[in-house]
Amino acid sequence: MKQFIKKILLFSLPIIVGLTIIFFTNTDREFCYNYIKGDCDTRGKLFYKRIETKSVGVDYLFVGSSKTMNGINDGLIEDSLNKYSKNKLRLYNAGYCRFGRNLDFLLCKEFSKNNNLKKIFVEVRADESTTSHPMFAFLANSREILQGIPALNGKITSEIYNHSLMNLNYLRCELNLEKKEKNKYKLELHGYNNIDRVMEKELLEEFYKEELNKNKTIDKDALEYRYSRFYLSRIKKLCDKKNIELNFIFMPSFGNTTKLPAFKEEYEQWGKVIVGPDSIFNNKSYWKDVAHFNTAGATAFSNFLAKELAR
Amino acid sequence: MIFNTIEFVIFLLVVFALYWSFFNKSNTRQNILLLFAGYFFYAWWSWKFLFMFIGTSLIDFYAAQKIEKHEEPGKRKFFLILSITGNLSVLLFFKYYNFFVTEFANLIGSNPDNLTLQIILPLGISFYTFQAMAYTIDVYRKTAPAEKNLLTYLCYSSFFPQMLSGPIERANHLMPQFNRRREFKYTQAAKGLELMLFGFFKKVVLADNLAVIADRGFASPENYGSGDLIIATLCFTFQIYCDFSGYTDIARGVARLFGFELIKNFNNPYFAQNINEFWRRRHISLSTWFRDYLYIPLGGNKKSKLRTSINIIFVFAISGLWHGASRTFLAWGLYHGILSALNRLFNFKFDLPKPVKITFTFLIVALGLIFFRAVNMENAYEVMGKIFHSEFSLLKIFLGISRLKLFLLFTALAVVFILERINEINPGYFQNLFAKKLIKYSAYYYAVILILLLGVYDNTPNFIYFQF
Chain G
1045 MKQFIKKILL FSLPIIVGLT IIFFTNTDRE FCYNYIKGDC DTRGKLFYKR
1095 IETKSVGVDY LFVGSSKTMN GINDGLIEDS LNKYSKNKLR LYNAGYCRFG
1145 RNLDFLLCKE FSKNNNLKKI FVEVRADEST TSHPMFAFLA NSREILQGIP
1195 ALNGKITSEI YNHSLMNLNY LRCELNLEKK EKNKYKLELH GYNNIDRVME
1245 KELLEEFYKE ELNKNKTIDK DALEYRYSRF YLSRIKKLCD KKNIELNFIF
1295 MPSFGNTTKL PAFKEEYEQW GKVIVGPDSI FNNKSYWKDV AHFNTAGATA
1345 FSNFLAKELA R
Chain V
42 MIFNTIEFVI FLLVVFALYW SFFNKSNTRQ NILLLFAGYF FYAWWSWKFL
92 FMFIGTSLID FYAAQKIEKH EEPGKRKFFL ILSITGNLSV LLFFKYYNFF
142 VTEFANLIGS NPDNLTLQII LPLGISFYTF QAMAYTIDVY RKTAPAEKNL
192 LTYLCYSSFF PQMLSGPIER ANHLMPQFNR RREFKYTQAA KGLELMLFGF
242 FKKVVLADNL AVIADRGFAS PENYGSGDLI IATLCFTFQI YCDFSGYTDI
292 ARGVARLFGF ELIKNFNNPY FAQNINEFWR RRHISLSTWF RDYLYIPLGG
342 NKKSKLRTSI NIIFVFAISG LWHGASRTFL AWGLYHGILS ALNRLFNFKF
392 DLPKPVKITF TFLIVALGLI FFRAVNMENA YEVMGKIFHS EFSLLKIFLG
442 ISRLKLFLLF TALAVVFILE RINEINPGYF QNLFAKKLIK YSAYYYAVIL
492 ILLLGVYDNT PNFIYFQF
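Protein chains in written order, with my numbering: chain G, 1045 to 1355; chain V, 42 to 509.
Isolated chain V (complex conformation) (with noise of 0.2 Å):
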């Protein structure tokens, strides 16, 4: 089920209205629907593989139980990896097996269609079991404990806001809000529908309207100049953001109808000031899952100058691949790999103004993200070669984008990032604006007037972060 559709509107009406009537007596009460409505919204999708993925949850709850019970470490550690490995193996058959089999046949010389097989990748794979590994992990290390409610844990795993696209939530922060019963507070779900609403309008508006700029580029960047592939480039830059940050706004708002809180998955990545600022702000649960599971764990920034900058490749190599099972996606990471290992190697520390190094971040961040929406390498490459190398032309990808459209776009584009820059700087800005009703409902009415008349609904384009 995808947010921007009619079905998930209905569904969200009829869990939102049964969890606060029928099911409001007790969190067990709570918990059993929103695990139903887990299943439901996971089997909307494919029922087979809810099936797959209730096992590998139910083989985590155990696991976890188990490396609790032990003492000795040899026990702790086996249950640790039967965990680890009935997730892996379910993401690495599911995502990469034709991948590497490709890239081993090719290496080889061998045909590689005879060995590739027809695989359905699991929506949110990438996810669920990264969010599953963090949990045993944590309880391995002691900083987390087991869960003992198998319903508890079953919730924590299939909590459909975030199930499929995160935030990639940590155990401590959110199985503690499925063992308490939850109580509406008027606050906390007006401040989601808010949330929902901005989320939607970065979607359905900036998003899904930047995408057909961006496609056109990229879909055959022979019929363009350098000016058009740059605006391209820029354009599935704002997109990426707005699509993947419209849907952790809507995940967490939908999350707050029900009493829960979800972290915060970005900060204003591209006012950054250098690369390493940008990861920090940029897809926050799954950098910090990275730092805390992979790079601490090969040694960080403990060992020597060579070892962390080697740590660091590799770690953004694998966060590449995480994204998809491509070269580009592993050029992508490779790509910011090397600047962030340079950039720590090196501590560059340009004496310049704020807004030419976040500009610079910016453009440097655009480049790399090439890689990630070209649909292979050569397509990449020509993307990059024809912004370098070929004649200046200008606007011929608007043809055919009426004026006005272009205007309203572009200028709610930089009245979102400037509404976000600001409310980073003064959280408590918009409270007090909003404090008055009139500004509050025409902002209101103002979104929902452009998401009318501008959003995109013809064939309702997916989430990118869905694919992942």
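This is chain G alone, in the form it adopts within the complex (with noise of 0.2 Å):
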């Protein structure tokens, strides 16, 4: 049994030490975003096309989820505030489909990159997310994954399978036994995304009230929120870095039933929290669902965004 077990071991260690090389290869950028697997609209591709246009830059960045991705017209706010200003501003909004900080802190890290950016805008929410974002293992690279580990992150192991998956295509690629994708898609300045649909008003009640009743106390210091804790300390450390102010925007459900995110207070000590007006979150004809605005919804809250910004 042990001359079995030695010999396993033995066969297997140069295939454990080149996976592990698989893993730690820094794979070309253009590929890990065409990678993506289950990509939010071609979000990912398009946001490579704008963080690798310098030409363009950025000076305003919304990051958030899919109530950023559809709540926060970025055009409309940019339009806004260049007309009365010499300097003209660039805004672009890198919300992307599902929660996750780390997913936060690397499209500010990407697109800080390249571009002088002035301010960052991380959207918050009643509570705070407390995994790791789906799309995190295809565009970190290996040393930031692992860096999740003492965050106690609880998707490591699907993140590094994920992970080695795409390098180990990336190097078939390379051997000319895959054929490497180009990112076709053409630039786009905005990545605010509209959706003109209106919820019935009957079931935007109903879930108000199911909100009401819900039990929502959070503790805070419940170990899951270290995760995202670990991630939005991380994206204060960036902007420290980089001259950059962070700010937070409140983007509530339908009804904003908490009235204020659950970490207010802590968010306050790294930047500025920004809580639209409850005439926009409670009127019906906002919402394309209970979580999303609609296009009337996005232009009633970018336009009360603008005039925060113009202060």
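Mixed in with the good hints, there may be bad ones.
Facing chain G, from chain V, some residues (calculated, C-beta under 7 Å) [claimed, not checked]:
hint : residue
1    : Phe225
2    : Tyr227
3    : Ala230
4    : Ser443
5    : Leu445
6    : Val489
7    : Leu494
8    : Tyr498
Keep in mind the hints are simulated off the structure, nothing from the lab. For each residue, glycine too, the CB sits at the ideal point set by N, CA and C.
Both chains are given apart, each in its own frame, so use the hints to dock them into the complex.
Structural data, given as structure tokens:
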């Protein structure tokens, strides 16, 4: 038995070394963005185009989930801010479907590489997210993935697997075993994604009643928030290092039953928290579903943001 | 749990370590672990169906006990029918209810949607019910003793390497292996790992890559000409062999790691010289099951030529339906049944060179597999129609796949078939060749490198036979 185990270990050693090298290989950024599995509306590919096109630049960056993606009209705010200003600002909405603070951090880092970012706006919700973003494994490098371990990343094994698989596919492309895709997407200046649909008012009311009845006590010291806190602090460090102003935008669901984000005090230590008026959050014609603004809602909310930012 | 997943690798490592350490004192301890491992393996897919699985196993165990205990033919038959009814009712309900209801509704011109149910097919149901029925029938025929130990029987019915996709074992072969303490044998375990490596290679390198080409052709035959659809059909012919025999190799390899020997399920079927020989070489455990428990009880070849032909066609039709409840599988079964019956009836003996006969049989098998692969009869007719009547187009089906990959894929496929053929003709050849460590380890590492570089890992494709 001992001989058997010894031989297996000896046999596996070169394979483990090979796999470790593959995991730590730095992959071409274009390949990473193209490779994302389950890319949300091809946004990963569009982000890559925007990040790499240095001539356009980004001054104000919005990061968050699909709430940001559907709720903040970056073009509208940009026009409004530039109307009376000599210095033309460039705004970009990098909201991406699903939650995960590690992706927010990564996008802040990526966009700050080639751009002279002045302000970053991070979406905050009634509650804080607790897990890693599914796209993180594809966009982060191996070191960044391992950095999440001390912060208790529950998805670490699947992230290591997905990242290794991506790097393996990259190797296959380099060896001409697979065809490398090129980013064929045209540069889009703004990332806002509008949806022109209005949710039934009865369903909104039903949701509002249910939300009011829910017990919303959040244990802020719970271990599950450690992961998000770790990446929020990294966003803050990045902003400090690059002299970027950090802001938070509260994006509640319909009716704003919590009124404020649960971690407001914590966010305020790092930056300003912008909270929109209830008149927008309570307007039943502004929602495409309970969590996302439709075009009218996004316009109203963006007009509010434009005024806030112009101050 | 699927063999080609990380979860299975972790599961296997844990069970293997426990089996040869804490549970190694006696065969009872080893069996207890294997039983829990088997149930965990099944429950990983669905714990709800696990209870049904345990229920039918208990019925079979007690039915076999009663069959052996009683001497009166009536009582023996009663308990045999009880066991077979238990297994068949589960199989018929979960696998065939919707099929027969739909066919019946279509026949009387009614809407089948009102009668069909949302049924999930329990994983491996066709395999474990057939294995269980073989056991009680063997006890009834007095060709196998009824197992007295419940633990042994439950282990036999839930042995995780083979419970989901076979080989369908016989009680006389597998049961005694549970009744003795297994001792770790280096050579057996090493051979097991070798088989597993070979099986993984056939699955993730060959079958899953060939599937990409075959799927293109069958998903949209309208986009391809005859040449491309012939390639798609041939790719599927090789895919299904590599997929299923790859699974069987892994199953046999895993069993060896625990000190068990499972029966060989494939013997180079694509080197058969006629259709009857093909069935003696392919999915041997199922073919022999149908021979022993259906064909022979129907009279086999002991009656008139016409009756024999009808028996053959009937058995193949049932065998087709065993694979899946659809007209395509029935058509595939009938196709083979008619060919086998004709072959037996006229005893075709062509004075042709061996390679010609092998090629001819292979092409006949490939043609039949169009029914097996097609999503419905229309799809099968379209593929067949385009193969025989459309314009010739070639290589469009390979678009987007790198030439180097295609070269490596088809070279590896040829090498695998040549190696398996050599192993059949000269079984000691590889033993002698692999006695040289350099050759052995070079072959292993070469296989590992190809598994890494060519293997398909996105969305982890399932084994084809898992759906049966």
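Do the hints match the structure? See the list:
no.: 1; hint: Phe225; result: holds, 5 Å
no.: 2; hint: Tyr227; result: holds, 5 Å
no.: 3; hint: Ala230; result: holds, 6 Å
no.: 4; hint: Ser443; result: holds, 6 Å
no.: 5; hint: Leu445; result: holds, 5 Å
no.: 6; hint: Val489; result: holds, 6 Å
no.: 7; hint: Leu494; result: holds, 6 Å
no.: 8; hint: Tyr498; result: holds, 6 Å
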